[in-house]
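Asks: Sequence:
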Amino acid sequence: MGVEECVALKEQIETLIRQGKLQKYVSRPTNTRPAKPPAQREQAEHNRPGPVGEIRTIVGGPTSGGTSRASRKAYARQAHNIMVVQRPPKNIRLDDQIISFSEEDARGTHQPHDDALVITINIAGFTTRRVMVDNGSSADILYLPAYQQMRLDKDKLRPMDAPLVGFTGDKVCPVGIVTLPITVGTHPKTISKTVDFLVVNCPSAYNAIIGRPTLNRLRAVTSTYHLLLKFPTEHGIGEVRGDQIAARECYLASLGSGGQNQTMSIEEQKILVKPSGELDTVELEDGQPERTTKVGADLPPEMKESLVQFLKDNKDVFAWSHEDMPGINPSIISHKLNVDPSLRPIKQKRRVFAPERNNAIMEEVDKLLAANFIREVYYPDWLANVVMVKKSTGKWRMCVDFIDLNKACPKDSFPLPRIDQLVDSTAGHKLLTFMDVFSGYNQIVMDEDDQEKTSFITSRGLFCYKVMPFGLKNAGATYQRLMNRMFHDQIGRNVEVYVDDMLVKSKEEDGHLDDLRETFQTLRKYQMKLNPSKCAFGVYSGKFLGFMVSQRGIEANPDKIKAILEMQPPKNTKETDECQQAFEELKKYLMEPPLLSPSKQGEELYLYLVVSPTAVNSALIREEERRQLPVYYTSRALRGAEERYPPMEKLAFALVTAARKLRPYFQAHTIVLLTNHPLRKAMSKPDAAGRLIQWSIELNVEQTSKWTMNIDGSSTKDSGGIGVVLKSPEGDTIKQAVRLQYPTTNNEAEYEALLTGLEMAKALGATELDVLSDSQLVVGQVNGDYEAKEGRMQRYLCQARHQINQFRKVKLTRIPREQNTEADQLAKSASSTTADDKMKVVQQSSLQTAEMNPVHTENSWMTPIISYLQRGTLPDNRHEARRLKVRASRFLMLQGTLYKRGFSLPYLRCLAPDEASYVMREIHEGICGDHSGARALQRKIVRDGYYWPSMKADVCQFVQRCDKCQRFANLLHSPPTELVPMTAPWPFAQWGLDIMGPLPIGRRQLKFLVVAIDYFTKWVEAEPLATITERNIQNFVWKAVICRFGIPRVLVSDNGKQFDNPRFRQFSQELGIHNHYSSPGHPQANGQVEVTNRSLLKLIKTRLEGAKGLWPEELPSILWAYRTTVRIPTGETPFRMTFGSEAVIPVEIGLTTFANFSI
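Taking UniProt numbering, the leading residue of the sequence shown gets 1, the next gets one more, and so forth.
Source of the hints: derived by calculation from the structure; they are not laboratory data. The beta-carbon is built from N, C-alpha and C at its ideal position, and this holds for glycine as well. Worth double-checking, as some hints may not be accurate.
[Unchecked claim] Derived BS3-like pairs: lysine-lysine, alpha-carbon spacing no greater than 27 angstroms straight-line:
#1 K735 to K600
#2 K762 to K681
#3 K189 to K349
#4 K349 to K304
#5 K600 to K430
#6 K391 to K543
#7 K349 to K395
#8 K395 to K189
#9 K507 to K304
[To be verified] Quick list of the computed label-pair ranges, beta carbon to beta carbon:
#10 T813 to G872: 15 to 23 angstroms
#11 L152 to S306: 34 to 42 angstroms
#12 P875 to K828: 25 to 33 angstroms
All chains, please: the whole structure from these sequences, using the hints.
Replies: In structure tokens form, the structure reads like this:
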């Protein structure tokens, strides 16, 4: 090799010549300046001013020529000797890459600045922040506190005798030297090396220092102006950006540390094998090194060799360019837009782009044309603009703004898989393969009729897509439909697909090739091609749909906890060291969530609930080897009225939220709720809030669970006794002793104990019951093992079975007498002669009581609801059963009577048809009936506390068939008009007065009726008069209005002489009452009284018919009916508006309601 070809030698010679050596071998042109003689040169150098002092950097360590004196001298001589050595083999991928910095790299950096380059790297599996890059350091430093947090094996720390020298000349002896792996960069542009760190115990604001040795091995170039570190990798130029905030924090901490160690804690990063982490690149085709894919580096050699050979044999499944991608056959699937034909097509106005963006658009159009993805189009109806989005690499991505087209397309309701189910089914598999389809969306063609609807405008012309582009509304649903059709036999078994994320999973390593072979056959059948550069075959764990999945379970995704890692301490308050340490510990805790464990089929799972004032949370747990492992976490923030729920309702809401989110787990597993609150009891209470009942039905919570009952009977010569011990599901115990004050046998006493216990359990709402008795006869007869031959025993058995049928499930079991001591003691004490006076005493047997009180039942609309609420009876049809459950949630049983839950208390008593007929008749035409219309009658029935489903129709039919209503109803001759609002400042402040008559002459010659009505409450006062003199009217106002309701502010009347006279005016003036008069031509000015008069007159006619002279005697009942009927203007009855509660009317005495239940 000639000297001209030796690059290293040329560089050494040129360096020596520049230093003034080898001058006799250098020939110079004649016109050049001659070199100075050596004497003059030495004189010039002597006259040059000397240095003020020496500024050193960190020197020392094992890398600068070793630790011995001889090795360091040899290391120094290497720079002065000409050594012709063979250069190492050239790495084409690394050596040919050009590292450069531009002003764009400084974007995001606060300028001007003098900050150090402080970065974050991975050291020994730990994400280590506050690592300073120091080009002046000859060693790589790891400070002792950071080393201690890594909890490494002490044997890895080797002794180190050579000291480090700082720039002040101070010497520091390292604790030792340790070799650790580091990873720098962001995937895929990362590089890993092993570094010898000197562990140093001295105060520092940094965790570590990266010096020249590592920078040189990384071939890294730093720029403090850009705060950027760049280095070559196999995937291009990698970079790590400096943390400017951390750099300034370290600088301030160094200045104010006061000698204290300011090293910040580092965060541990669990070892997560990413699908593109530890991967080996393999060539799929000899002679073409660019055709590569990746396989797991940790695979066993034999498995790895088989996998590589399999991929080479099936390289036709991969696509290296768009020419290798034939696309999916349109007969299998094509994308249709289904545009609403009623909508007008929209053409967007062309947008103007800057030259840089326009050039990027042209380049993208050329690529799409070359790939045959688009074609030119003329006169399209739909037209959209392109939108340019800048990538993280600085290049532009072209998108099409299909917003108008998407609005015209209805949503495709094809269901996408649930991400949590896919991830859960993937976890626990030993070997995984992550596959990426080559331009997946573009492998599906557009329907020919819809191609031109995707037209977009550029400066070159109009183009439309021939293949399905990104950005269309239903593109994801179409792609998922194709994937489901292709892999319908594999999904869930060995393949999981979510749109364009595809994964092959295997429980064992040996079966992974078979699963891949089956998958490749499917891909080949449908001509779908994979992108080999983005596939990872045979890895043990990886990122799938944002989660890290592996055989161990589901782990935290480092990308998702990055924000927690980089969380800065608050700037608006001054923190102490303790606060900062607590802050760091909190971050460390939050970034280390436990491993999620996949559930196993059929196992029992446990649910914990947590409630706070602003959120509800739950944790689903499974047990394995006496350890609790989390399966799933849920959390939901409370919004609006939810924050005001009572604590028990919040707990129930947390359960409902968890059940909705974790529905697949609730369906496939038995879920045990672990709580110290009586949640089941709260959700099963008859008077529980409506939402609790709805949640109970949604969760299918049983209204009660199994109760346990011990019974025993005892008999003496003249009496007997029974004992019952009843235990609730919550563990509450109820004891009952009853004395039978009549001669009885022991077997009859045992039956009496059984019947009494069943009645108690029914009254307490039990539906499932375990009955324990020591009577072999009773248990045998009830269970059908023995036959009851004697007459009384047959009757007892019949009655017992009748009561048992009212429960959902009753189980009778015989136990030894020594296990039934509690009930036995109660029975003996009840039958003894010294019984307690407070003990319940029964004078006759249950058989006699049943004969005296026969039970008559009648089926009605309430029967199935009562059967379900009392005994849990449901129809056989599943849909009918659910409909009954939902309907029954609006009802409850109170002391054997069915009530409907209203929007507010009181509850509405449910009526059978005959009871409904009685209520309608009594309210409509009874003592206080007013023959009101259908709407008013219905409202009055509801307000009085009654309900039945067909109330509206029945009321309308009843009123239409009422003879008096048809004969005496008001005839409307004027068209309806808007009502004129009347204002009254407060109750009884403004009254209207009027006189009706002459009416038919009644007793004592009464033929007139003076009426007063309060404008605010609509309360009516009326009095029959024989004559309408000034004195009579004045006496009526004094007795009926002023003495009962106080002095009014205004009296409104017509201008008749009875109201408009000096005496009445003076009377009003003395009391401060203002008289307002209406003219005879416009009586509507006192329309409130006119309407009341018309209503009263109608009531008189309908009540009296022919005997109309009796109207004075019926007047109190008529006024009662008017006062207890809801008035339309107020929506309330005058009685309630006046006294604040409703009046008890006769129908409520005939059929007691909840409103007067306790009266």
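Asks: Each hint: holds or not?
Replies: Verification of the supplied hints:
1. K735 to K600: Given pair K735, K600 is violated - Cα atoms ~44 angstroms apart, limit 27 angstroms.
2. K762 to K681: Distance of about 16 angstroms is within 27 angstroms: holds.
3. K189 to K349: violated, 41 angstroms
4. K349 to K304: Roughly 56 angstroms separates the two Cα atoms, so the pair is violated.
5. K600 to K430: Given that 27 angstroms is the threshold and the Cα spacing comes to 16 angstroms, the pair holds.
6. K391 to K543: holds, 22 angstroms
7. K349 to K395: This hinted pair holds, its Cα atoms lying about 25 angstroms apart.
8. K395 to K189: holds, 17 angstroms
9. K507 to K304: Given pair K507, K304 holds - Cα atoms ~17 angstroms apart, limit 27 angstroms.
10. T813 to G872: 15 to 23 angstroms: For G872 against T813, whose Cβ atoms are near 21 angstroms apart, the range 15 to 23 angstroms holds.
11. L152 to S306: 34 to 42 angstroms: With a Cβ separation near 37 angstroms, L152 and S306 satisfy 34 to 42 angstroms, so the hint holds.
12. P875 to K828: 25 to 33 angstroms: violated, 46 angstroms
The structure fails to meet hints 1, 3, 4 and 12 from the earlier list, while all remaining hints are met.
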